[in-house]
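Asker: So you can see what is in the structure, the chains are spelled out below.
Number of protein chains: 2
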Amino acid sequence: MSAPIIAIDAMGGDFGPHCIVPASLSCLAESPSLHLVLVGQSSLLEQLVAQQSGVDRSRLKIVDAPEIIGMAERPAQALRGKPRSSMRIALEQVRDGKANACVSAGNTGALMALARQVLRTLPGIDRPAMVTALPTQADPCLLLDLGANVDCPPEQLFQFAVMGAVAAESLGRQQPRVALLNVGTEEIKGNQQVKQAALLLQQAADLNYQGFIEGDGLYRGEADVVVCDGFVGNILLKSSEGLAGMLVARVEALFKRSLGARIVGAVVLPLLRRLRADLNPAQYNGASFLGLQGIVVKSHGSAGADGFKAAIRRAAQDVEHDLPEQLRSRLGHFLRPPHPYDDVDDVTAGGGQPSN
Amino acid sequence: MSAPIIAIDAMGGDFGPHCIVPASLSCLAESPSLHLVLVGQSSLLEQLVAQQSGVDRSRLKIVDAPEIIGMAERPAQALRGKPRSSMRIALEQVRDGKANACVSAGNTGALMALARQVLRTLPGIDRPAMVTALPTQADPCLLLDLGANVDCPPEQLFQFAVMGAVAAESLGRQQPRVALLNVGTEEIKGNQQVKQAALLLQQAADLNYQGFIEGDGLYRGEADVVVCDGFVGNILLKSSEGLAGMLVARVEALFKRSLGARIVGAVVLPLLRRLRADLNPAQYNGASFLGLQGIVVKSHGSAGADGFKAAIRRAAQDVEHDLPEQLRSRLGHFLRPPHPYDDVDDVTAGGGQPSN
Numbered sequence: 001m002s003a004p005i006i007a008i009d010a011m012g013g014d015f016g017p018h019c020i021v022p023a024s025l026s027c028l029a030e031s032p033s034l035h036l037v038l039v040g041q042s043s044l045l046e047q048l049v050a051q052q053s054g055v056d057r058s059r060l061k062i063v064d065a066p067e068i069i070g071m072a073e074r075p076a077q078a079l080r081g082k083p084r085s086s087m088r089i090a091l092e093q094v095r096d097g098k099a100n101a102c103v104s105a106g107n108t109g110a111l112m113a114l115a116r117q118v119l120r121t122l123p124g125i126d127r128p129a130m131v132t133a134l135p136t137q138a139d140p141c142l143l144l145d146l147g148a149n150v151d152c153p154p155e156q157l158f159q160f161a162v163m164g165a166v167a168a169e170s171l172g173r174q175q176p177r178v179a180l181l182n183v184g185t186e187e188i189k190g191n192q193q194v195k196q197a198a199l200l201l202q203q204a205a206d207l208n209y210q211g212f213i214e215g216d217g218l219y220r221g222e223a224d225v226v227v228c229d230g231f232v233g234n235i236l237l238k239s240s241e242g243l244a245g246m247l248v249a250r251v252e253a254l255f256k257r258s259l260g261a262r263i264v265g266a267v268v269l270p271l272l273r274r275l276r277a278d279l280n281p282a283q284y285n286g287a288s289f290l291g292l293q294g295i296v297v298k299s300h301g302s303a304g305a306d307g308f309k310a311a312i313r314r315a316a317q318d319v320e321h322d323l324p325e326q327l328r329s330r331l332g333h334f335l336r337p338p339h340p341y342d343d344v345d346d347v348t349a350g351g352g353q354p355s356n
Numbered sequence: 001m002s003a004p005i006i007a008i009d010a011m012g013g014d015f016g017p018h019c020i021v022p023a024s025l026s027c028l029a030e031s032p033s034l035h036l037v038l039v040g041q042s043s044l045l046e047q048l049v050a051q052q053s054g055v056d057r058s059r060l061k062i063v064d065a066p067e068i069i070g071m072a073e074r075p076a077q078a079l080r081g082k083p084r085s086s087m088r089i090a091l092e093q094v095r096d097g098k099a100n101a102c103v104s105a106g107n108t109g110a111l112m113a114l115a116r117q118v119l120r121t122l123p124g125i126d127r128p129a130m131v132t133a134l135p136t137q138a139d140p141c142l143l144l145d146l147g148a149n150v151d152c153p154p155e156q157l158f159q160f161a162v163m164g165a166v167a168a169e170s171l172g173r174q175q176p177r178v179a180l181l182n183v184g185t186e187e188i189k190g191n192q193q194v195k196q197a198a199l200l201l202q203q204a205a206d207l208n209y210q211g212f213i214e215g216d217g218l219y220r221g222e223a224d225v226v227v228c229d230g231f232v233g234n235i236l237l238k239s240s241e242g243l244a245g246m247l248v249a250r251v252e253a254l255f256k257r258s259l260g261a262r263i264v265g266a267v268v269l270p271l272l273r274r275l276r277a278d279l280n281p282a283q284y285n286g287a288s289f290l291g292l293q294g295i296v297v298k299s300h301g302s303a304g305a306d307g308f309k310a311a312i313r314r315a316a317q318d319v320e321h322d323l324p325e326q327l328r329s330r331l332g333h334f335l336r337p338p339h340p341y342d343d344v345d346d347v348t349a350g351g352g353q354p355s356n
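Chain order of the listed sequences is A and B.
The first sequence runs 1 to 356 under UniProt numbering.
The second sequence runs 1 to 356 under UniProt numbering.
Read the hints as simulated data drawn from the structure, not as lab findings.
Dumping the calculated SDA-like pairs for lysine to any residue here, alpha-carbon to alpha-carbon at most 25 Å: (1) B:256 <-> A:220; (2) A:256 <-> B:134; (3) B:256 <-> A:253; (4) A:82 <-> B:186; (5) A:256 <-> B:249; (6) A:256 <-> B:254; (7) A:256 <-> B:253; (8) B:82 <-> A:187; (9) A:82 <-> B:187; (10) B:256 <-> A:248; (11) A:82 <-> B:188; (12) B:82 <-> B:41; (13) A:82 <-> B:185; (14) A:256 <-> B:252; (15) A:256 <-> B:250; (16) A:256 <-> B:256; (17) B:82 <-> A:188; (18) B:256 <-> A:140; (19) B:256 <-> A:254; (20) B:256 <-> A:138; (21) B:256 <-> A:139; (22) A:256 <-> B:137; (23) B:256 <-> A:134; (24) A:256 <-> B:136; (25) A:256 <-> B:245; (26) A:256 <-> B:248; (27) A:256 <-> B:139; (28) B:256 <-> A:250.
Just a sample of chain B residues kept apart from chain A, beta carbon distances all over 12 Å, derived: (29) 3; (30) 32; (31) 35; (32) 51; (33) 313; (34) 320; (35) 321.
Treat the numbers as computed from the prediction; the structure is a model and nothing was measured.
The beta carbon of each residue, even a glycine, is placed where N, CA and C say it ideally should be.
Chain A with its partners taken away, still in its complex shape (with noise of 0.2 Å):
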C-alpha cells in the first residue's frame, strides 16, 4: 500500500484534540505519502489545524463528529446512545473503504465494542485482541492480549495464540515460538484456563508451540509470541512501563549524584538520553487490534503527542503489511479445530488445587 488513509479519531484519550491534531499533522509533514482524516467536531478540528504552519491540506480530510465517548463511559452505552461518535465514524470510514486504518486514544471498552459492531470480527475469531512488541534481551516479542478482554476462555487464549503467530509471520518471523504466560513452566501450574488452553495448543500441530513461559522468560526473549488474558497483559504491560520509568530515572540520579558535573555534563548525559529514548514506552505505543475486518491501532489514553505519532506509525505499518488480510488467509489453517476437552478430564478435576 503506497499511499495509506489513516482515520483519526481526534476526540479520544486524556489529553484530546489539542494533543491529538499536533502530533497527527506532525506526523502528516513526516511521512510524504500518508494521508489523514481527522474525525470529532470539525469546528474544533479546524480551528486546531489552522494554527499550524504548512499543513498539507492535500492529504488531510477533517469528517464531521459531533459526538464523544468519554474515558469512563460504559461500552453499552458507546454503542448504543451515541450514533454520531468520533470513535464509530473513525471506524466506519474504515468499514466504508475511505480509510485503511483507524487510530484512537479513547476508551478501551467502547472501542473494542465499537470496532466489533462496525467492522466485525474474522471468520473463526470470537472476539479481538491487542497486541503490542515488547522488547526484550534478543528479538522484540509480541504479547496479547493487553486489556481488550479481561476473561478469557481458553479458546479464545488458543485463538490469540494463532492470531499472534500469524502477526510474528507478517513481521518476518519463520515459525515463531508461542508461549502462555503463566505462573510456572511446569504442567501442573496454573489457572484452569491457562491449563486448558494448554492443552487446545499441544493439538495445533502447525502452530510452533513452546509450553508455559513465565514473566523473566518474557524479557531474556525466550518467545516470539506470548499470550495471557487482558487483564495479565495490561498489569504486565503498564507495571514494566512503570518499571522502566523508575530504572531510567534512578540510572540518571545515580551519576547526578556521583560524578563531577563536566564528565556528566559532556560524556553521559547525552548516552542517558539515548537511552531514555530507546526505552520510552511512547515508542512502543501503540496496540493494534488482531482479528477484526479491518485495522484499529489503540493508542495508549495518556500518550503525548509522541505516542500518539507512534500509535500513527504502528497504522500504517499494519496497512503495508495489511494484516487482517495475512490474518483471514492463515487463519483457516491453523484454526481447524482441536476438540478441546475429549481428554482433559483429569486436569479439571485438579481444578480446587491451590498454585502449585
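Mind docking chain B on chain A? Use the hints.
Answerer: Using the frame of chain A, we list chain B on its own:
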C-alpha cells in the same frame, strides 16, 4: 526477640542443599545472634557443613528428614504421601516451638498446603498470602499475593488487603494506603473479583483504601499495599525481575560501547555495579506467608546463595516484628465483616461486559 531460631528446609529449590547449606552458614557467621536448624538428609547435611570452616556449631542444629518434595510435585502428594519430608519437618519445628520461623526454597504449592496443615491459618483468614516489598520511586510497596493462590474470590482479596495493611503498619507506616491492582482506575474497570473486592474494601471504614491502582502507579509509589490474586502478582513480580535484568544489561552495553575503556573501567563500572546491586532481585528475595499461625518465608526456587540469605534475613525480621501476633491482635479490628453482596446487584449484572 533477641536470638531468632530459623528452621531451614535444606533440600528445596532448584539448587538444593549444595547451595542452601553454604548460604545458611554464611548468614550464621554474619549474624551473631542467629540460630539455625538445618532440616534434611542429615548425613548429606553433615558433610556439607564439614566442608565449611569456622562454623559455630553451638548455634547450628541438624534435624534429619529423609524425604524430599520435588519442585514439580503435586501439593496433594506432598500432603499425603511424604510424612517425613524436609519441608514438613521444618514447618513442624515452628509448630512445636523449636524454631521461630521456617524458610524454604521448595515447591510453592506444596509449601502452602503443608504450612496450612501444620501451622493453620489465623482466625478469620481462609488462605495465607505471599507478600514482598517492591522498590518504587518513593517508599517500598508491599505486593500480595505473589503466587500462593492463583484464583481468589473477592473475600480473599479483602483479607489480603487487611493483612497487607497490618504488615505495613508493623514496618512503621501510619495509615498505610491500600489499593487494588486493576487494569484501570475507573469504577467500571476490571473483572468481577476485583470489582466485588472493591465494594468490600469501600465498606471497611478503618482501612485507608485508595481504590484501584495500575501497574505504573505501583512503581510510582502511589500505595503502601497493593493487592491482587497470585496469578497476576507472580507475573508482575517475575516480569519486573526480567525487565530490570534486561535494562541493567542494556545500560552496561551502552556504556561499554560508547565510552573509552579507561573511563568505563575507572568510573562507570563501579557505579553500574552499585545500580545492579540496588536492583538485584536477590536483594528483594523472600516472600513472607501472611495469615498463618507462624512465620514462613518462601525463597525464590532459583535463588542463588545471596538470594537465600536475603530470605533468611527476612525471616529474622519477621520474627523481630512478631508478625503473626500483630496480625492476630489487629485482624479482629479490621475483619468485622461488611456484609458483602447486599447492594451490589448492579455490578454483578454488568458481568458480561468487556473491559473498558
